[in-house]
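Next come the chains, spelled out residue by residue.
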Amino acid sequence: MFRHTPLRVAALALLAVAGIGYAFGASYFGLEILTEIAILAILVLALDMVAGFGGMVSLAHGALAGVGAYGYAMLQAQAGVAPPIALLGAIGLTGALAWAIGAVCARSHGIYFIMATLAFGQMAYSYIFETPVFGGDDGLGGISRLDLSVLGLDLMDSRNFALFCLAMVALAYAACAFVLRSGLGRSLSGVHESEQRMRALGLTVWRVKAHVFGLSGMIAGLSGALAAQHIMYVSPGLLSWTVSGEALVVVILGGLGTLVGPLVGAAFFVVLKHEVGAITPYWHLVTGLVLIAVVMSRANGIFGALEAWVGRRRAARQPQPLAKEVPGNA
Amino acid sequence: MTHDAGFWVLQALNALQLSMLLFLLSVGLTVIFGLMHFVNLAHGALYALGAYVAASVAGAWGGFWVGLIVAPIAVAAMGVVLYGGLIRRMRRSGPMAQVLVTFGLIFALLDLTRIIWGDVALASDVPALLEGQVRLLGVDYPAYRLFVIGLGLAVLAVLAFVLGRTQIGAMIRAGVDNDAMAACLGIDVERLFFVVFCVGCALAGLAGAVAAPLLSVTPDMGLQILIPVLIVIVIGGLGSLKGAIAGALIYGVVQTFGAVLAPQLSSVLIYALLALVLVTRPTGLFPAKG
Amino acid sequence: MLETRNLDKSFGAIHVTRDVSLKLERGERRVILGPNGAGKTTLFNQLTGEIAPSSGRIILDGADVTALPVAQRARAGLSRSYQKNTLFDGLSVADNLGLAAMVAQGRGMGLGRDGLLHPEVRETVEEVAAQLRLSDHLDARVSEISYGMRRQLEVGVALATRPKVILMDEPTSGVGPEMAKGFHDLLAALPRDLTLLIIEHDIDLAFAVADTITVLNYGEVVFDGLPEAARGSSLLKEIYLGSWEDA
Ligand SMILES: Nc1ncnc2c1ncn2[C@@H]1O[C@H](COP(=O)(O)OP(=O)(O)OP(=O)(O)O)[C@@H](O)[C@H]1O
Ligand SMILES: [Mg+2]
Numbered sequence: 001m002f003r004h005t006p007l008r009v010a011a012l013a014l015l016a017v018a019g020i021g022y023a024f025g026a027s028y029f030g031l032e033i034l035t036e037i038a039i040l041a042i043l044v045l046a047l048d049m050v051a052g053f054g055g056m057v058s059l060a061h062g063a064l065a066g067v068g069a070y071g072y073a074m075l076q077a078q079a080g081v082a083p084p085i086a087l088l089g090a091i092g093l094t095g096a097l098a099w100a101i102g103a104v105c106a107r108s109h110g111i112y113f114i115m116a117t118l119a120f121g122q123m124a125y126s127y128i129f130e131t132p133v134f135g136g137d138d139g140l141g142g143i144s145r146l147d148l149s150v151l152g153l154d155l156m157d158s159r160n161f162a163l164f165c166l167a168m169v170a171l172a173y174a175a176c177a178f179v180l181r182s183g184l185g186r187s188l189s190g191v192h193e194s195e196q197r198m199r200a201l202g203l204t205v206w207r208v209k210a211h212v213f214g215l216s217g218m219i220a221g222l223s224g225a226l227a228a229q230h231i232m233y234v235s236p237g238l239l240s241w242t243v244s245g246e247a248l249v250v251v252i253l254g255g256l257g258t259l260v261g262p263l264v265g266a267a268f269f270v271v272l273k274h275e276v277g278a279i280t281p282y283w284h285l286v287t288g289l290v291l292i293a294v295v296m297s298r299a300n301g302i303f304g305a306l307e308a309w310v311g312r313r314r315a316a317r318q319p320q321p322l323a324k325e326v327p328g329n330a
Numbered sequence: 001m002t003h004d005a006g007f008w009v010l011q012a013l014n015a016l017q018l019s020m021l022l023f024l025l026s027v028g029l030t031v032i033f034g035l036m037h038f039v040n041l042a043h044g045a046l047y048a049l050g051a052y053v054a055a056s057v058a059g060a061w062g063g064f065w066v067g068l069i070v071a072p073i074a075v076a077a078m079g080v081v082l083y084g085g086l087i088r089r090m091r092r093s094g095p096m097a098q099v100l101v102t103f104g105l106i107f108a109l110l111d112l113t114r115i116i117w118g119d120v121a122l123a124s125d126v127p128a129l130l131e132g133q134v135r136l137l138g139v140d141y142p143a144y145r146l147f148v149i150g151l152g153l154a155v156l157a158v159l160a161f162v163l164g165r166t167q168i169g170a171m172i173r174a175g176v177d178n179d180a181m182a183a184c185l186g187i188d189v190e191r192l193f194f195v196v197f198c199v200g201c202a203l204a205g206l207a208g209a210v211a212a213p214l215l216s217v218t219p220d221m222g223l224q225i226l227i228p229v230l231i232v233i234v235i236g237g238l239g240s241l242k243g244a245i246a247g248a249l250i251y252g253v254v255q256t257f258g259a260v261l262a263p264q265l266s267s268v269l270i271y272a273l274l275a276l277v278l279v280t281r282p283t284g285l286f287p288a289k290g
Numbered sequence: 001m002l003e004t005r006n007l008d009k010s011f012g013a014i015h016v017t018r019d020v021s022l023k024l025e026r027g028e029r030r031v032i033l034g035p036n037g038a039g040k041t042t043l044f045n046q047l048t049g050e051i052a053p054s055s056g057r058i059i060l061d062g063a064d065v066t067a068l069p070v071a072q073r074a075r076a077g078l079s080r081s082y083q084k085n086t087l088f089d090g091l092s093v094a095d096n097l098g099l100a101a102m103v104a105q106g107r108g109m110g111l112g113r114d115g116l117l118h119p120e121v122r123e124t125v126e127e128v129a130a131q132l133r134l135s136d137h138l139d140a141r142v143s144e145i146s147y148g149m150r151r152q153l154e155v156g157v158a159l160a161t162r163p164k165v166i167l168m169d170e171p172t173s174g175v176g177p178e179m180a181k182g183f184h185d186l187l188a189a190l191p192r193d194l195t196l197l198i199i200e201h202d203i204d205l206a207f208a209v210a211d212t213i214t215v216l217n218y219g220e221v222v223f224d225g226l227p228e229a230a231r232g233s234s235l236l237k238e239i240y241l242g243s244w245e246d247a
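Residue numbers (UniProt numbering), protein chains in the order written: chain A, 1 to 330; chain B, 1 to 290; chain C, 1 to 247.
Hints were generated in silico from the structure; no laboratory data involved.
Note that CB positions come from ideal geometry on N, CA and C, so glycine has one too.
Please note: incorrect hints may appear among the correct ones.
As the list claims (entries may be wrong) - Now the in silico label distances, taken between C-beta atoms and shown as ranges: (1) Lys84(C) / Leu185(B): 22 to 32 Å; (2) Leu129(B) / Ser297(A): 49 to 59 Å; (3) Ala121(B) / Ala170(A): 55 to 65 Å; (4) His3(B) / Gly141(A): 52 to 62 Å; (5) Met109(C) / Asn178(B): 37 to 47 Å; (6) Ala13(A) / Asp193(C): 47 to 57 Å; (7) Pro69(C) / Val134(B): 49 to 59 Å; (8) Ala77(B) / Ala293(A): 18 to 28 Å; (9) Arg113(C) / Ala13(A): 16 to 26 Å.
As the list claims (entries may be wrong) - Non-contacting residues of chain A with respect to chain C, defined by C-beta distances greater than 12 Å in every case (computed): (10) Gln78; (11) Phe134; (12) Asp137; (13) Leu151; (14) Asp154; (15) Asn160; (16) Phe178; (17) Arg197; (18) Gly202; (19) Val208; (20) Ala278; (21) Pro281; (22) Tyr282; (23) Ser297.
Stated by the list, open to error - Facing chain B, from chain A, some residues (calculated, C-beta under 8 Å): (24) Val104; (25) Gln122; (26) Leu291.
When you get a sec, could you build the whole thing from the sequences and use the hints?
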């Protein structure tokens, strides 16, 4: 059950200050990293919404983001649609596709759900890879970014684009929090706890799953459309299942079902990748070992561990321990 | 499209050969799952390891046949290490944690193979004995591919015999049905898990050794095979030998004949089939009991 | 209000429900008795739609619901509690009741304001919590309250949907005599137009609340009538042996 605790609000404020502060201080390379973090953060917010709060561990989210990227590229660069409309179109298209995937997979659970989403993700990958209009292995180029000159912003400037992406992270976070606190989001938490009981209470479970999956897909689509604008080029690699796998790793590193944790995870992951990548070409090895260590420590990622630690301290000070938010059951 | 009978025989053999390779990989994974409810995503990485070991051994010392023996042993040894270090400790964790740990293992093993063998593809030759073609049912077919089919069938026969007719097979079946009950019957379930896990790893190593002369040996070959293997066991139904066979055959046939009959659709076809199976039979065609 | 006609269910060779025909009037309180394995829970599962009957019909409030899915029957006013607690274990008592009220009030699909903070939802949560004497534990998580309280909450979640018909599967199983007595008072205080079907092993409780009694044995209705008549039934004595003598 998603709720804003003081710790979460404090962490959000800190992240916002750090992100904006860094955007104004960083060099070109730093801004690229910040943009990368922001785009990944949006994707993992979308994934945490379904996996952390609905138990729908999706391996389709990388492909969904890829569909958002291709959707934007096709609409904007190929069909010549105005960028804002192309952005909305890409988000809507990805949402519709995600809704359908969610509806079809709603009956599968556990490893079967993971596999079913993986299958649909791979289907999208193969389709885009094999269909000539999408440019095959070469991908599509000639993509432009949104034109915000009315606001006096030139998004071709990397600082402006990084700030724009940060604003989109804030928007995506607000959207996730909004959905999770609505009746639909509360139902999703109930379904996560006991599907059987929610059904017996009169809830049409598959619809809740499909709706939330669709909304999550829209956010993943936003992430993809931003990625397309960032590198101004799309290729099938965007839809690879390893992107979904990495997104899942980021959610776990940050703290599943905390919504704030995945933001931390995204920053941690991208920085780790670049830092380790600068020292050795074998950064996968480091990531793999970190992931194994985090999972085996049984903590709920970085932010989950922090929440647990704060919870214990508070419990030690108060005579009656009634911790409302316990990580893993948020 | 007009093709003669020989063409179809050729395709059927190709399908069967692909199926057998997938079967070798899937069966270990599926029995491990059936027994331990453990999805080892790193199974593909173990297969890649087997291919590397086999190719290196074949190149350095005794040729293909030594590699074929050494690779399963080496990978089983790796299995022992993994079991002692990770798997045993993750036994009581949820499926999510297990999937993630083995996912991390994929990353780690991928880079380990790159560190040891580098990024260039390793070539491995077909053994002299199996070079050339054999005439069969009116077509010329590579002898090595026939050998792969034969090996797959032989492993299938041995496994069917062990699982169906021997005491350890009965113990495994009991464990798949209900491991708590099996433990009550005095079966040392932990030890059984260990043995099955190592045999599964050895089979992955064997599959790698067999695949080495067919494909180029690269660090990401484990990642590439993982998805087909997962599709096979999910279509077949996790945990059952019958499911692994059925899934492997279905995959082989759909993939091979799909490429011939509907080239535009072929890559999407198998995923569509998987989706169809999951929607209509959410636990696969032949789910294990328990 | 709730009626079954010739309900039959087999699992392979096991015949669990045989030709069960029941008829409950609005506001009727009926207790189902029967030994372990008699098919009581399986009958409930068929009534709610969690298991499809092999043959026979189920009529709820005048409409044939045999083919309706679980959720639709629930929305038609049918609610149940489970023999084995089926709660939202990671959530607080308030959230457990709140989810039930929220879904039943049709607020479970909406986007917008917090579904659990709606005044009507909160009102229901407080009422039901007061009824079940759980008001002091609203913020505690399910895993933090006692087994007896969880058992109460199990019924509370069913009540929070404000149903027309409620099915309770052994609501007092495993709780102490004190709590069972309290539960009895709770049942007595429920609105008289609520139709009640309770599976109960405690004979005293059964006779105290029942307007009518149905006895199931090997999936068959072996008695169906008034409690007074049941007291004299030799069949019941055979089925319940020792416990019957005490009653
Ligand atoms: N899914 C199932 N498959 C096969 N048999 C089942 C299934 N569900 C129940 N049964 C069998 O049906 C019979 C009736 O079970 P049920 O749970 O309805 O009994 P009950 O009257 O509720 O008993 P208790 O008082 O112990 O709760 C039992 O013999 C049980 O083993
Ligand atoms: Mg029962």
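Hint-by-hint comparison with the structure:
Checked against the hint of 22 to 32 Å, the pair lysine 84(C) and leucine 185(B) passes, with Cβ atoms roughly 26 Å apart. Between leucine 129(B) and serine 297(A) the beta carbons are some 51 Å apart, a value that agrees with the proposed interval 49 to 59 Å. For alanine 121(B) and alanine 170(A), the hinted distance range of 55 to 65 Å is not satisfied, since their beta carbons lie about 46 Å from each other. Between histidine 3(B) and glycine 141(A) the CB atoms are about 40 Å apart, so this pair departs from the stated range of 52 to 62 Å.
Methionine 109(C) and asparagine 178(B) have their C-beta atoms about 39 Å apart, which keeps the hinted 37 to 47 Å range intact. The hinted range of 47 to 57 Å is satisfied by alanine 13(A) and aspartate 193(C), whose Cβ atoms lie roughly 53 Å apart. Checking the proposed 49 to 59 Å range against proline 69(C) and valine 134(B) shows it holds: the Cβ atoms sit about 58 Å from each other. In this structure the supplied range 18 to 28 Å holds for alanine 77(B) paired with alanine 293(A), their Cβ-Cβ distance being about 24 Å.
In this structure, arginine 113(C) and alanine 13(A) meet the distance hint of 16 to 26 Å, their C-beta atoms being roughly 24 Å apart. In this structure glutamine 78(A) is separated from chain C by more than 12 Å, as the shortest Cβ-Cβ distance comes to about 33 Å. The beta carbon of phenylalanine 134(A) is kept farther than 12 Å from every beta carbon of chain C, the shortest such distance being approximately 33 Å. Against chain C, the non-interface label of aspartate 137(A) holds: every CB pair exceeds 12 Å, the least being about 40 Å.
Listed as a non-interface residue, leucine 151(A) keeps its Cβ farther than 12 Å from every Cβ of chain C; the least gap is roughly 28 Å. With 12 Å as the threshold on Cβ separation, the claim that aspartate 154(A) sits away from chain C holds: the shortest Cβ distance comes to roughly 35 Å. For asparagine 160(A), the shortest C-beta to C-beta distance to chain C comes to about 32 Å, beyond the 12 Å cut-off, and the non-interface label holds. Not every beta carbon of chain C lies more than 12 Å from that of phenylalanine 178(A), the smallest distance being close to 7 Å; the non-interface claim is violated.
At roughly 5 Å, the least C-beta separation between arginine 197(A) and chain C is not larger than 12 Å, which violates its mark as non-interface. The claim that glycine 202(A) is not at the interface with chain C is violated, since a C-beta of that chain comes within 12 Å of its own (minimum 4 Å). A beta-carbon of chain C is positioned within 12 Å of the beta-carbon of valine 208(A); the least distance is around 7 Å. For alanine 278(A), the shortest C-beta to C-beta distance to chain C comes to about 41 Å, beyond the 12 Å cut-off, and the non-interface label holds.
Separation of proline 281(A) from chain C is adequate, the least Cβ-Cβ distance of about 42 Å exceeding the 12 Å criterion. Every C-beta of chain C lies more than 12 Å from that of tyrosine 282(A), the closest at about 39 Å, which supports listing it as non-interface. Distance check for serine 297(A) against chain C: the nearest CB is about 21 Å away, which clears 12 Å, and the non-interface claim stands. Nearest Cβ of chain B to the Cβ of valine 104(A): about 6 Å, under the 8 Å cut. The hint holds.
Taking 8 Å as the C-beta cut-off, the interface hint given for glutamine 122(A) holds, the closest approach to chain B being about 5 Å. Annotation: leucine 291(A) was flagged as interfacial toward chain B, and the flag holds, the nearest CB pair being 4 Å apart, inside 8 Å.
Violated hints for the displayed structure, listed by number in ascending order: 3, 4, 16, 17, 18 and 19.
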